[in-house]
Every structure is written in structure tokens, then in C-alpha cells.
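> Residue strings, one per chain:
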Amino acid sequence: MSVIEKEQEVVENLVDLLSEEQVNTNNEDLYEASVDRYKKYAFARNALDVPQPVAIVYPNSSDEVSKLLQFCNEERINVIPRSGDTSTEGGLENWKDITVIIDAENLNRIVDIDTYNMQATVQAGVPLEELEDELREKGFTTGHSPQSKPVAKMGGLVATRSIGQLSTLYGGIEDMVIGLECVFPDGHISKIKNVPRRAGGPDIRHIAIGNEGTLCYITEVTVKIFKHYPENNKFYGYLTEDIETGIKVLREVMVNGYRPSVARAYSEEDAKQHFYHFSKDKCVLILMAEGPENIVEATGEAVEEAVDKFSDGIIEEVDSELIENWFNNLNWSQQDIEDEYEGMKENDSHAGFTTEISADWGTIPIIYNNVMERIKNEFPRAHELTLLGGHSSHSYINGTNLYFVYNYEINCAPEDELRVYHHPIHKIIVEETLKHGGSMCHHHGIGKYRSQWTKEEHGSAYYMLEKLKEVFDPNGIMNYGSIYPKEDGIKKYIKKEE
Amino acid sequence: MKIICLVKYVPNVEDIKYDYEENVLIRDNVKLILNPDDAAAVAYSLKAKEVNPDLSIEVLTMGPKSVRPFVEDLLRRNVNKATIISDPAFAGSDTYATSKILASYLKEKEYDCILTGSKSLDGDTAHVPAQLGELLSLNQMSNIISIDQDSFNEKSAIIEVESGDKTLTYRMSFPAILSFRKETGYELPYIKYENMSLDVSDKLNFISNEELQLDEDMIGLKGSLTRVANTYNKNFKEKNKIVVKNDDQGIDYVYSFLKKKGFV
Ligand SMILES: Cc1cc2nc3c(=O)[nH]c(=O)nc-3n(C[C@H](O)[C@H](O)[C@H](O)COP(=O)(O)OP(=O)(O)OC[C@H]3O[C@@H](n4cnc5c(N)ncnc54)[C@H](O)[C@@H]3O)c2cc1C
Numbered sequence: 001m002s003v004i005e006k007e008q009e010v011v012e013n014l015v016d017l018l019s020e021e022q023v024n025t026n027n028e029d030l031y032e033a034s035v036d037r038y039k040k041y042a043f044a045r046n047a048l049d050v051p052q053p054v055a056i057v058y059p060n061s062s063d064e065v066s067k068l069l070q071f072c073n074e075e076r077i078n079v080i081p082r083s084g085d086t087s088t089e090g091g092l093e094n095w096k097d098i099t100v101i102i103d104a105e106n107l108n109r110i111v112d113i114d115t116y117n118m119q120a121t122v123q124a125g126v127p128l129e130e131l132e133d134e135l136r137e138k139g140f141t142t143g144h145s146p147q148s149k150p151v152a153k154m155g156g157l158v159a160t161r162s163i164g165q166l167s168t169l170y171g172g173i174e175d176m177v178i179g180l181e182c183v184f185p186d187g188h189i190s191k192i193k194n195v196p197r198r199a200g201g202p203d204i205r206h207i208a209i210g211n212e213g214t215l216c217y218i219t220e221v222t223v224k225i226f227k228h229y230p231e232n233n234k235f236y237g238y239l240t241e242d243i244e245t246g247i248k249v250l251r252e253v254m255v256n257g258y259r260p261s262v263a264r265a266y267s268e269e270d271a272k273q274h275f276y277h278f279s280k281d282k283c284v285l286i287l288m289a290e291g292p293e294n295i296v297e298a299t300g301e302a303v304e305e306a307v308d309k310f311s312d313g314i315i316e317e318v319d320s321e322l323i324e325n326w327f328n329n330l331n332w333s334q335q336d337i338e339d340e341y342e343g344m345k346e347n348d349s350h351a352g353f354t355t356e357i358s359a360d361w362g363t364i365p366i367i368y369n370n371v372m373e374r375i376k377n378e379f380p381r382a383h384e385l386t387l388l389g390g391h392s393s394h395s396y397i398n399g400t401n402l403y404f405v406y407n408y409e410i411n412c413a414p415e416d417e418l419r420v421y422h423h424p425i426h427k428i429i430v431e432e433t434l435k436h437g438g439s440m441c442h443h444h445g446i447g448k449y450r451s452q453w454t455k456e457e458h459g460s461a462y463y464m465l466e467k468l469k470e471v472f473d474p475n476g477i478m479n480y481g482s483i484y485p486k487e488d489g490i491k492k493y494i495k496k497e498e
Numbered sequence: 001m002k003i004i005c006l007v008k009y010v011p012n013v014e015d016i017k018y019d020y021e022e023n024v025l026i027r028d029n030v031k032l033i034l035n036p037d038d039a040a041a042v043a044y045s046l047k048a049k050e051v052n053p054d055l056s057i058e059v060l061t062m063g064p065k066s067v068r069p070f071v072e073d074l075l076r077r078n079v080n081k082a083t084i085i086s087d088p089a090f091a092g093s094d095t096y097a098t099s100k101i102l103a104s105y106l107k108e109k110e111y112d113c114i115l116t117g118s119k120s121l122d123g124d125t126a127h128v129p130a131q132l133g134e135l136l137s138l139n140q141m142s143n144i145i146s147i148d149q150d151s152f153n154e155k156s157a158i159i160e161v162e163s164g165d166k167t168l169t170y171r172m173s174f175p176a177i178l179s180f181r182k183e184t185g186y187e188l189p190y191i192k193y194e195n196m197s198l199d200v201s202d203k204l205n206f207i208s209n210e211e212l213q214l215d216e217d218m219i220g221l222k223g224s225l226t227r228v229a230n231t232y233n234k235n236f237k238e239k240n241k242i243v244v245k246n247d248d249q250g251i252d253y254v255y256s257f258l259k260k261k262g263f264v
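Protein chains in written order, with full-length UniProt numbering: chain A, 1 to 498; chain B, 1 to 264.
I should point out that these hints are in silico values taken from the structure, not numbers from a laboratory.
Be aware that one or more of the hints could be misleading.
[Stated by the list, open to error] Here are the simulated distance ranges between beta carbons:
id, chain 1, residue 1, chain 2, residue 2, range
1, B, Ser163, A, Glu498, 43 to 49 Å
2, B, Asn78, A, Lys495, 23 to 29 Å
3, B, Tyr253, A, Glu130, 45 to 51 Å
4, A, Ile366, B, Lys222, 46 to 52 Å
5, A, His188, B, Glu187, 52 to 58 Å
6, B, Glu160, A, Asn27, 53 to 59 Å
7, A, Asn46, B, Lys222, 53 to 59 Å
8, B, Val13, A, Tyr463, 56 to 62 Å
9, B, Gly262, A, Glu498, 44 to 50 Å
[Unchecked claim] Quick partial rundown of chain B residues pointing at chain A, CB under 10 Å, derived from the structure:
id, residue
10, Leu32
11, Lys166
12, Tyr193
13, Lys245
14, Asn246
15, Asp247
We put the CB at the ideal spot given by N, CA and C, even for glycine.
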């Protein structure tokens, strides 16, 4: 059977399983579904090198997801789960001739908001912002606020182990998920119940959280909710001599036992792009305290004490209204994403790339400085860099993350841009991070692009990850190439050696 | 056929900041870019080379040695040869001294025409092409906005020149200096992936005053006849900075501001 005949047959089968309206074969939609934001520039310039999926399907229930997965499992058809479509590391990129995208669009119900037990249950396709808006009306919040909040959906946010800008107080999504429902390739539907805590063996939620569509399809999640006290919010901003001072202040606040919701330290280059109106070419430190009034007061005092302790590196305080303004406008809407695409169509440039890593407090400055040094000295196109810097935006008791940001003039063809610019920079960041014992993937997931280093990331514990795949997805139909390295795809679609 | 493209690497003026307290320009961290008018000249030459593969292009620039990676990228785009004239003794040269230095190199060379920009982003005087024409006894034309590809040969070319609100058409006999405007729309081609790190050092030539042997009185600050009576930065007054919120009030403010200024 030819590939085209096989494609037609698959589409017919999908229509039989669901309905005509639930199976989308529109060419433009399929082109869009063949990649995510990792190949954004090649996408915008019509220079993609990956095959298009055969269809995008929209199941209406967990049972329909189960039927779809069973069918694909039996037919050995690659499946890519999709929710909000904001993935950045190739998690949605297609590497197989025959692939079906299972989109959570119709799993769009807020099932329950339980303000007594402080939990909300939603289906995978509910946009985070929709849930958040409902909660805010009632005086509550999810506490989850990634920059992609207006677009990302709950299934994807859980599947990628996403994190929000208020994480230092509320935690990452893994701290918020109470229970969930997911469907495995053999069609089995597992529902993990909602309890405050239990000692019932290993915490199986974590098989689904962060699986990036490689083990199961998440259909429903229950997350914690929190009381929201926006009237108490306090914002703090400072210009600092260097990013190290900023990081030292963050550490001081954290290790003294305080939990500001926003805690960010920017290099001067990165600060310039976000805070051009006040950064004066200096590094910027930002903190925000939120919650009940007395906690906000205490957190604010702790921030001021920490700033005092490192006053040698602090240049001046920034008007807190400027920080509040920034905070109120930092999310990317669908319109912003589309505007970037429009810009990329017309210009040989884009809004830049990022790579996020994490490590303990002692190691983070070493990684930062080594990366900067190596990029400046080793990156053959360093003379074309228009931005190179970074910030720390999520802090923990034992360390923090670093979000490297970079941009460059593009002087090669759109299909070569990643190989020429992003990859060599990214490689240096990953190498330095792994060499010093950090993690190469703080919150965007491994996707396809970072799968080259999954084994190094996990070391001897990769055994555990590998066994999960063998057990839950023995036929390897779930998101081929994501997390688990596939040499053929890496060669063809990343290194372009074929 | 042989073309020499005369180019200059200039600070990207968009990166230059103004210190309102000291009234000075801050040039730190300013990136170099290929002067846009000159880029159009190289882009046209490469386009002509596509049609006529026998055409040979030499890029000539004068400046610090740090322009090397940028010049190498032109060689990776199919320019045949590049020459960087660089010597601390040339530093501080005015346009006249610069023209003399360039002319002393060019007078020994064979070429059919010299393509360059009309003016540079930083100096903006448009002196150098005309002075070179004088020194080399060549015809020179500025503000070229297009060249008729079919007419471009060893003997002459038909060119369109912007002159006020008119566009004039000329046939220029070669050898001559043709100075482009960036508005030509000629764009540099991408560097091919396999050529991105190509070693082009054998096509790159550094020339210093050791080779040119120009009298020290003719070059650098000493040789610069331009006497600057006074330099001053146009004093910009720091405007009152008003930061508005992204809310209805802020939007109203920006809208009425633009309206007052006549933009909407
Ligand atoms: C402008 C912008 C800002 C961003 N800011 C942040 C940020 O602040 N913090 C952060 O963590 N991330 C951020 N991201 C990355 C991205 O938003 C997150 O990874 C997000 O969690 C993806 O959610 P999504 O619904 O868009 O998922 P998708 O993009 O649809 O999918 C992401 C991955 O999860 C898998 N998946 C999707 N749905 C399911 C499902 N139902 N079951 C199983 N697997 C599934 C997909 O196969 C894919 O591998 C940002 C992205 C953009 C474009």
C-alpha cells in the first residue's frame, strides 16, 4: 500500500471511529500542526522539512480518546497529543509519515470548582486563563501563571511540567496537581483520585505529569486553588551592578524562609529588552510579595533586609509602580504570537530564542559565566549576536533556574537558521549545565530537540524512564522522538545529515 | 569583467545612546554593520555575477581589523577577493585623506568599474566616491537606484539616478565609479549552509602603510586638511518621560498625544 493510500485509509478509519466533523484534514491546519514554536522561523518562511500529520482529531470524551489510542496502537500509527499548541522544544513536531494529532479542543469543560475543598477539576482542553478568570471572580486563583497563560491549556501545561511566574510562592504545576485522568495506548483509562496526600506506593501522578505525550494522554486534571489577595500585592525593583548580586538577594530571601511570588534577577542585556524604560543598561532585580497582609508585610521586610545585606551591589531602587505595570502586561497573547509570525514573514529575524536550565545556588553563577564566555569565544557567528543574556525567574530553597536569552541577525536561509545559530548556542548551554550537574530543562520539557541529551540528563536513572516507555507504550506510538532519543529523527530533522 | 566594491563598516546608529547629563554620545557596545548603501552595491555585483559567472568581484574596505568576520561573510557569499586596508597610522583620517589612501591602492589595480554606496550612515558627507573619482580621473555618479542588468558590461551601463523628485536615466561609460542608494532593493544573498564556516583566509588580504608607503604627512590626523573649528553634540533635552499603563486611560493618553502631533 502506498503512503497516500495508507493515509486515506487512516482518515476513513478515524471518521468511522469519531465523526466527519471531528477529523480535520485541512492542508493549512496540517502544515501548522507539523511543528511547534521550535521551528517557528522556518514555519513562517514556508521552509519546513518535516512531514505533515495525516489528520487532527478532536475527541469529545475520554472514551473517544481511548478508542483512538487503541486504534493507533493496533495500527502502529504515531500519535501526538496536543492542547494549547504553545510548545517550544519540538514536542509537537512530527517525525513520522503517518501521524495523528489528538487535539484536546473539545475536552473543554470546567468540571467542578470546589471552593470548600480548594480544588478545581477541568478537562485537558480548558485554557488556563479561562479557569483562572472563573476563579478570580470567586476570589481564588490557581497560582499558575506561565507567560503563555492566555493560550496554553491545562492538558499541555501538566504534560510539560510547566511553571508560572509566581512559582516561588505557588510552585510548579507538579505542586498543584492533586489528581488526574489519563489514557494509555492500549486504551486503558486511569483515574488518580483526589486526596490531600497518601503513602500508597510511588506517586503515580508523576508518570503522567511531564510525560509530554510520550506515555499517555491526559484527559482531565484536578488542581489546587488558592485564595487571591491582589489588593495586598507589593512590588520591589532594583538596579544591580551584576546578575550575581540579584541572585544573591534571591538566595538570601529564600534561605531565610520567605516565599515571594515573583523573584527574578536579570542580566543587563536581558533587562534592556524588558525594562528599557528604566534599566539604564544595568541589571535588574524584581520581587513581588503576595498573599495575606501580614505575610506580605513580613516577606516585604525580608526582601528589604536582603537588599540591605548586599547593598554594595545595589545601584538604586526602582519605582514599584513600574514593576507593577510590567507585571500586568507580561503575558503573550495569541495576537502577540501571530504578530511575531507576521514579522518573521517579512524580515530575516525573529523575537529570539531561550534555553532554560537549573542548578543549585553555588553552581548557577559558574554556569552563567562559563556559558557567556564560551558563546563569545566559540560561537562562530558571535559577530551576528544582537542579544545574549539571561535571567533567573524561579527560585527554590537549594537553587534557581537560568533562562538564557539570545537573538541574532539571520544571514542564512530560513531552513538553516537553527543549525547555524540556535543549535551551537544551545549546545554550549546544555554542555555547561550538564557538566556542572545542573538540569538542561527547567520548564519547557525535553521535546525533540533536547532528546539528544536525555540520557546524560538522567544518567543511571534513565533506566527508570526507559522502563516506563517499555511498559506503557511498548509499540512506541506516543509522540515519536520526544524525550526518548531517536537517532534517525535526530539525524534527519535536527542535524540534517540526510 | 572585474568590479571593485568599496565598502565601509559603520556603527549601527540605532545602538548609539545619548547621555543627557554629559551631553555625549555613548558608543559602547555599538555593533558594526555594513553600510546599507554599500551593501546594495555588493548585492548588485553578486546578482550580476549570477548572470555572468566570469565576473570577478573584489571588496575593498578600510577600517579596524575587527571588521574581518564581516568581510569573511562577504567572501562566503561568492565575492572573489577582499582587501582590508588597516593601519593605526590611518586612524583619524578625514574623507580627503581616506580618499587618498584608497586611491593609492586602487591606482595600481585593474577594474572595469567601482561600485559603492552614495554615503555612509555615520559620516553622511558623500565625499569619498566623488573625491576618488577626482583622484583616479574617473567619472562618478551618486544616488543610483537601479542598473539595467542587460546593459551592464565592460564598456558601460544604463543607470537610473534619483535627482530630487525626478528619476534620470544615463548611460555611464566605464571605467567609472557608481554609487548606490540602499533603496535599490538589491539585497545580499544568504550564505549557503555549507559555506557558513568556510575558510576564506586565502582570499583575504590585509594592506597596511608598509605596502602603500604613503607619506605620514598625507594620512591620519596629520594628513587631514579638514580643520574642525568646533565639534559639539547636538544637545538633546531629555524629554519628560511619561509612562502610562496599558489601560483605557493610557491608551487615551497615547492617542491624544499622537493626535496633537498630527500623526493620527
Ligand atoms: C510565549 C510563550 C511563553 C511561554 N511561557 C512559559 C512559561 O512561563 N512557563 C512554562 O512552563 N512554559 C512556557 N511556555 C511553554 C509552553 O507554554 C508550555 O510548555 C505549556 O505547558 C504548553 O502547554 P500547551 O497547552 O500549549 O501544550 P501543547 O503545546 O499543545 O503541548 C505541549 C507538549 O505536551 C504534550 N501534550 C499536550 N497535551 C497533552 C495531553 N492532553 N496529554 C498528554 N500530552 C499532551 C504535547 O504532545 C507536547 O509534547 C511558553 C510558550 C510560549 C509560546
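> If a hint holds in the structure, say so; if it does not, say that too.
For each hint, the structure was consulted:
1. The given range of 43 to 49 Å is broken by Ser163(B) and Glu498(A), whose C-beta atoms sit roughly 54 Å from each other.
2. In this structure, Asn78(B) and Lys495(A) meet the distance hint of 23 to 29 Å, their C-beta atoms being roughly 26 Å apart.
3. A C-beta distance of roughly 31 Å is found between Tyr253(B) and Glu130(A), which places it outside the suggested range of 45 to 51 Å.
4. Look at Ile366(A) against Lys222(B): about 50 Å separates their beta carbons, and that is inside 46 to 52 Å.
5. Here the CB-CB span from His188(A) to Glu187(B) is close to 57 Å, well matched to the stated 52 to 58 Å.
6. Taking the beta carbon of each, Glu160(B) and Asn27(A) are about 42 Å apart, not inside 53 to 59 Å as hinted.
7. The hint said 53 to 59 Å for the Cβ distance between Asn46(A) and Lys222(B), and at roughly 56 Å that hint holds.
8. At about 57 Å, the CB distance of Val13(B) to Tyr463(A) agrees with the hint of 56 to 62 Å.
9. Checked against the hint of 44 to 50 Å, the C-beta distance between Gly262(B) and Glu498(A) comes to roughly 58 Å, which is inconsistent with it.
10. With 10 Å as the threshold, the beta carbon of Leu32(B) comes within range of chain A, its nearest partner Cβ sitting at about 8 Å, so the hint holds.
11. Interface restraint check for Lys166(B): the shortest CB-CB distance to chain A comes to about 30 Å, outside 10 Å, so the restraint is violated.
12. Restraint check, Tyr193(B) versus chain A: the minimum CB separation of about 4 Å is within 10 Å; hint holds.
13. At about 6 Å, the closest approach between the beta carbon of Lys245(B) and any beta carbon in chain A falls short of 10 Å, and the interface hint on this residue holds.
14. With its C-beta approaching chain A no nearer than about 5 Å, Asn246(B) sits inside the 10 Å limit, and its interface hint holds.
15. Because the beta carbon of Asp247(B) sits about 9 Å from the nearest beta carbon in chain A, less than 10 Å, this interface hint is met.
The structure does not agree with the numbered hints 1, 3, 6, 9, 11 stated previously, though it agrees with the rest.
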